[in-house]
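S.K.: Spelled out, the chains give:
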Amino acid sequence: MIEARGVSKLYGRGVYALQDLTLRIDKGEFVFLTGPSGAGKSTLLRLLLRQDVPSEGEMIVGGRNLAALTGRQVQSYRRSLGFVFQDFKLLQAKTVLENVAFVPRVLGLAVAQQQRRTFQVLKWVGLQHRMNAYPRELSGGEQQRIAIARALVNDPVIILADEPTGNLDPDLSLEIMNLLREVNARGTTVLIATHDRELIRRVGRRSLTLDHGRIVEVS
Amino acid sequence: MIEARGVSKLYGRGVYALQDLTLRIDKGEFVFLTGPSGAGKSTLLRLLLRQDVPSEGEMIVGGRNLAALTGRQVQSYRRSLGFVFQDFKLLQAKTVLENVAFVPRVLGLAVAQQQRRTFQVLKWVGLQHRMNAYPRELSGGEQQRIAIARALVNDPVIILADEPTGNLDPDLSLEIMNLLREVNARGTTVLIATHDRELIRRVGRRSLTLDHGRIVEVS
Amino acid sequence: MRALTYFVTEAAGSLWRGRRAASLAILTIGAGLFVLGFFLIVNTNLQRLAARWGETAEFAIYLRDDVSAEQVESLSRLVHDSGVAARVDQVSKDQALERFRQDFPDLGATAERLNRNPFPASLDVRLRPGASRAEEAAEALAGTLAGSPGVADVRYDRRWLARLNGVVRFVRTVGLIIVGMLALAAALTVANVVRLAAHARRDEIEIMQLVGAPLTYIRGPLVLEGVMQGGAGAVVAIAALGALSALLRARYGGAISQVLGMESLTFLPVELSGILLLGGMLLGCIGGLMVARGVR
Amino acid sequence: MRALTYFVTEAAGSLWRGRRAASLAILTIGAGLFVLGFFLIVNTNLQRLAARWGETAEFAIYLRDDVSAEQVESLSRLVHDSGVAARVDQVSKDQALERFRQDFPDLGATAERLNRNPFPASLDVRLRPGASRAEEAAEALAGTLAGSPGVADVRYDRRWLARLNGVVRFVRTVGLIIVGMLALAAALTVANVVRLAAHARRDEIEIMQLVGAPLTYIRGPLVLEGVMQGGAGAVVAIAALGALSALLRARYGGAISQVLGMESLTFLPVELSGILLLGGMLLGCIGGLMVARGVR
Ligand SMILES: Nc1ncnc2c1ncn2[C@@H]1O[C@H](COP(=O)(O)OP(=O)(O)OP(=O)(O)O)[C@@H](O)[C@H]1O
Ligand SMILES: Nc1ncnc2c1ncn2[C@@H]1O[C@H](COP(=O)(O)OP(=O)(O)OP(=O)(O)O)[C@@H](O)[C@H]1O
Ligand SMILES: [Mg+2]
Ligand SMILES: [Mg+2]
Chain A
345 MIEARGVSKL YGRGVYALQD LTLRIDKGEF VFLTGPSGAG KSTLLRLLLR
395 QDVPSEGEMI VGGRNLAALT GRQVQSYRRS LGFVFQDFKL LQAKTVLENV
445 AFVPRVLGLA VAQQQRRTFQ VLKWVGLQHR MNAYPRELSG GEQQRIAIAR
495 ALVNDPVIIL ADEPTGNLDP DLSLEIMNLL REVNARGTTV LIATHDRELI
545 RRVGRRSLTL DHGRIVEVS
Chain B
345 MIEARGVSKL YGRGVYALQD LTLRIDKGEF VFLTGPSGAG KSTLLRLLLR
395 QDVPSEGEMI VGGRNLAALT GRQVQSYRRS LGFVFQDFKL LQAKTVLENV
445 AFVPRVLGLA VAQQQRRTFQ VLKWVGLQHR MNAYPRELSG GEQQRIAIAR
495 ALVNDPVIIL ADEPTGNLDP DLSLEIMNLL REVNARGTTV LIATHDRELI
545 RRVGRRSLTL DHGRIVEVS
Chain C
39 MRALTYFVTE AAGSLWRGRR AASLAILTIG AGLFVLGFFL IVNTNLQRLA
89 ARWGETAEFA IYLRDDVSAE QVESLSRLVH DSGVAARVDQ VSKDQALERF
139 RQDFPDLGAT AERLNRNPFP ASLDVRLRPG ASRAEEAAEA LAGTLAGSPG
189 VADVRYDRRW LARLNGVVRF VRTVGLIIVG MLALAAALTV ANVVRLAAHA
239 RRDEIEIMQL VGAPLTYIRG PLVLEGVMQG GAGAVVAIAA LGALSALLRA
289 RYGGAISQVL GMESLTFLPV ELSGILLLGG MLLGCIGGLM VARGVR
Chain D
39 MRALTYFVTE AAGSLWRGRR AASLAILTIG AGLFVLGFFL IVNTNLQRLA
89 ARWGETAEFA IYLRDDVSAE QVESLSRLVH DSGVAARVDQ VSKDQALERF
139 RQDFPDLGAT AERLNRNPFP ASLDVRLRPG ASRAEEAAEA LAGTLAGSPG
189 VADVRYDRRW LARLNGVVRF VRTVGLIIVG MLALAAALTV ANVVRLAAHA
239 RRDEIEIMQL VGAPLTYIRG PLVLEGVMQG GAGAVVAIAA LGALSALLRA
289 RYGGAISQVL GMESLTFLPV ELSGILLLGG MLLGCIGGLM VARGVR
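Protein chains in written order, with the working numbering: chain A, 345 to 563; chain B, 345 to 563; chain C, 39 to 334; chain D, 39 to 334.
Because the hints were derived from the structure by calculation, they are not lab data. Misleading hints may appear alongside valid ones.
[To be verified] Below, simulated DSSO-like cross-link-like pairs (lysine-lysine); rule was C-alpha separation at most 30 Å, straight line: (1) A:K371 to A:K438; (2) A:K433 to B:K438; (3) A:K433 to A:K467; (4) B:K467 to B:K433; (5) C:K131 to D:K131; (6) B:K438 to A:K438; (7) B:K371 to B:K467; (8) A:K438 to A:K467; (9) B:K467 to B:K438; (10) A:K433 to B:K433; (11) B:K433 to A:K438; (12) B:K371 to B:K433; (13) A:K467 to A:K371.
Isolated chain A (complex conformation) (with noise of 0.2 Å):
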C-alpha cells in the first residue's frame, strides 16, 4: 500500500528531514512511527499527503509514485486519505458540527450523506454534545479529538496522523486508539506519528523508530 524506496528529504542548507528511507506498509496494516524530536516523522508523513515531494527517492502509494501526479490526481488522492494534523487546523470561524462537516462538504458529498458521517463521527470521538461550540472555546483534548473525527469523516483508505494523542491523558489517548483500531479492523490502513512510548507499548503494534532521518529500529 505505502512504500518508500530510498527517500531522502533535504532543506535548505544540507538538513537532511529524511536520509535515504526505505519502508513498506501493507494494506490494512497499523503502524506507529516514531523517534526523537526533529527525526522526520512529519516530514514522512507530510510526503505521504504530497504536499511535498522527496528530494531523492520515491514515494509509492497504492502503486503511483506520488511525484508524478498531476494537479487533478493529487486532489483525488487525497480525497482516499484522512490526515490529522499535529497543529489540528481547525477553523475558528466555524463551529464543531461544521469543521467536521465541512470536509464532505467541499468535496461535492449529497446533504443527507455529509450529515449523517458527520454524527457518526462526532459520536466516535465523544463530542456531539459539544458540536455547536466553536473552537476556542474547546480544551486542548477536545480539540483534538475534532481533528481526529474531521480525519474519519470521508471513510479514508488511509489515515495518517501527526501526535494525535498528543494534547489527551493516558485514558482518552487509548480510546482513541481503539477508535482507529476499530476503523483498521475495517480495512483502512492506518499509520501514526508519537512521542508516547507508552501507548504504543499498550497498543502493541508494529513501531517504526526514526532518528535524524534514518529507521533506527523496527519493531
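Please arrange chains B, C and D with the ligands on chain A, whose structure you already have, making use of the hints.
M.R.: The following block gives chains B, C and D with the ligands in isolation, referenced to the frame of chain A:
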C-alpha cells in the same frame, strides 16, 4: 504568591469549567496541574494570565485581586509572567530569533539587553543553530521549545506553562523540566499543566489533579 | 447545482461573518461607483447642455429702418437656401421694443419715456443643430448678408460657440481620464477587499487543498464574494445617486433648468443604473479572480 | 525614541512583508487621490476660465450713422460714470469693417464688393471683472443707453453671462460633492488596507496583549503604517498628475489656451501637491486609527 479563593468559571449554558476552586501556591514553588482532558487546567491558567476573570471567587496573585486590575495594571502584571501556550502562538512571519526577541522588544527593552537574553534562552532550549529558521520550518517539538524560550526571555517572576511537553519525546521533556527546575531554583514560581503522569513522577514535585473543575487529588 | 449552492452559501456566510469588513468594503466600492455615476450624469448633462446651447445659437440680421418688404423677403430666402437655418423669425421694430421690455422689466419706465423706438427690426435665425460644417457655412452666410441691401448689422454668436465647444471637448477628455482612473480605483478596491476575504479564509483554503477539494470549490466562493460585494456596492451607489437626484430635482430642478435653459435635466437614467450594477459586479469578479488565481 | 524606532521598523517591516498587498493599497489610494487632485485642477481652471470670460464680456453700443461727436462724448461719459466699465473703446465704421474683414478673412472679397460700409460705429465696453452687482448695473445702463439719442442698438452678452455663471455654480456644487465622496472613498480604502494589515498581524497583536505590551506599542505601528501608505499613495498620485500635466501641456497646451482664451492653464501648483500629500497622510492616519481603536 498565587491564591484562588472559591473560584468558579462558568461558560454559557451551565458549563462549569472550574467549580469552587481553592488553592494556594507559594513563592518559589514548582507545581504540576494535571487531570483529564477538559478538566479545567487551561481555564485556570487563563484566569492567572488575566485573559478572563472568574465568574465567582477571587484570584489573588502577589497580593492583588486580578479582577480588580485596570487595563494598565493588567499590562504591567502580565509583564511579570512567562506563559507557554498549549498551541504555541508563534509568529509565522518572523524567524525563531525574532519570535523570541519580540517580547523584550515590544516591552521596550534596550537593544543590547534584548539580544543578550534572546541568545541565552535559545541556547538553553538548544535551538541557537535554528535561530534564522521560520516556525514552519521547525518540527513540532522544536516549535514547542521556541515557545518555552519565549516564556523565559523576560525573566518572569511566575512561569505558567500549558502542556509544554506535549510534542516532545520523553528525553527532551525531562531536559526541559530540568531547565525549568533551574529557573525555579533561582526563585521563579513555576506552574505546569500536563497530562504526562510519567513526567510528574520523574520530576517528583507537588501536583494538583483537577477533574470537572474541582481539585480531586493533591500529592 | 450542489457546487453552486455551496458557492452561494459559502460566499454569503463569509460575507456575513466578516460583515464589518464587508460593509466597509461595500461602502468603499459604493463611494467609488457613486462618484463614477455622478460624473457620468454630470457629463451627460453638460453634453446635452452644449448641444442645446448650440441649437439656440443665434444669428441675428439687423435691418435698416428703411428696409423694404422685398428686401426682407430676399434676405429671408437667402438664409433658407443656405441650409444652416432651422427657423427664421421676423422681428419688427415694435416686437424688438416689446422684447426689450420683457428682458429688462425694471426698465419698463425708461422704455415708456422713449420718444421714438430705437430698436431695429431683425431676422432672427435659429441655426440647425449639428449641421455638418455649420460653423463655416454660417460664417459664409454672415459675410454675404453683411453686404446685402437693407442690412444694418449681422451678429453671430461665434466666439461663444467656439468656447462652448472647447469646454465640451475639455470636459469629455477630462471625463475619460476620471472615469478610467475611478474604474481602476474601484477594481483595486474590490481586489483589496476580496484579498482581505481570502486572507481571512486562508486556513479554510489550506484545509480545502489538503483534503483534495476541487479547485473550483476553492475559487468559486472567492469570485462570487467579489461579485456580491461589487453588486452591493453598486446598489449603494445607485441608491445614493437616486436620493441625490431626487433632492437636487426637488430643490434646484426649476432654477437650474431656467438658468441653463434646459427643460429637463437627466438625473438617473435606467441604463446608467444598469451599467453601474453590471460594472460593479464585473469589477468584483475581476477582483475575485485576481485573488483566486493566486490560489494554486 | 526607542518606541519611535520600534514603530518605524515595525511599520516598514510589515509593509515590506506584505508588499504585494501594500502596493495594491498604495495604488488604490494613489488612484483615488489622483482623481481628487485632477478634479481640483480642472475645477480651478474652470473657475479661472469663468472669471476670464466674465472679464471679456462685452457690452456693445451701436451708434446710428448720423450720431454727433457730442452725443458720442456724452454716451462715453455715461458709461464711465456707471462704474461697470473697465475700458471703453470707440470703433468707427471703418474700423468695424476692418474687424469684419479680420474675423472673416475668407469673405474679404465680399467686403470689397460692398458699395457702402454697412457696419455701424460702436462703443465697445469691456466690463469691470468682479464688480459687485455688476450684472444689475450693466442692465440698468443698457436700459438708459437704449433710450439715448444717437444709439442704434445695445448688445449685452447677458444670456451668455448668466449661463456661464450657472455652469460655474453647477461645477462648484458638483465639485464639492465629488471631492467629498472621493475623500470618503480614499479614507475607506485606507481603513480597509490598514485593516488588512491589522488582520495579517492579529497573531502579533494577540501576543503583544498577552505579554503586557503597552497599548502605544500595539497601536503605533498600525497608525504609522496607515500614514506611510497614505503618503506613498499621495506621492504616486502627485507623480501621475505631474506626468499627465507635462503631457497635456506639451500636447495641447497651446490649442487649449487659444480656444479657451486663457494664456496659461494652471497644471500642478505646489500647494496642491502639498495638500494631496498631507491629505493622503491624514487619511492614512484616520484609517490607521480606525483600526487601532478596535484593538483594546
Ligand atoms: N520547511 C522546512 N524547512 C527547513 N527545515 C525543516 C522544514 N520542515 C522541517 N524541517 C526540519 O527537518 C527536521 C525534521 O522535522 P520533522 O517535522 O519531520 O520532525 P518530527 O520528527 O516531526 O519532530 P517532532 O516530533 O518534534 O514533531 C527538523 O530538524 C526540522 O527543523
Ligand atoms: N470559551 C469557552 N466557551 C465555552 N466552553 C469552554 C470555553 N473554554 C473552555 N471551555 C470548556 O471548559 C472545559 C474546560 O476546558 P479547559 O480548556 O480548561 O480544559 P483542559 O483541562 O485544559 O483540557 P485539555 O487537557 O484537553 O487541554 C472544557 O469542557 C471546555 O470545552
Ligand atoms: Mg512533527
Ligand atoms: Mg488545556
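S.K.: Honestly, which of those hints from before does the structure not fit?
M.R.: 1
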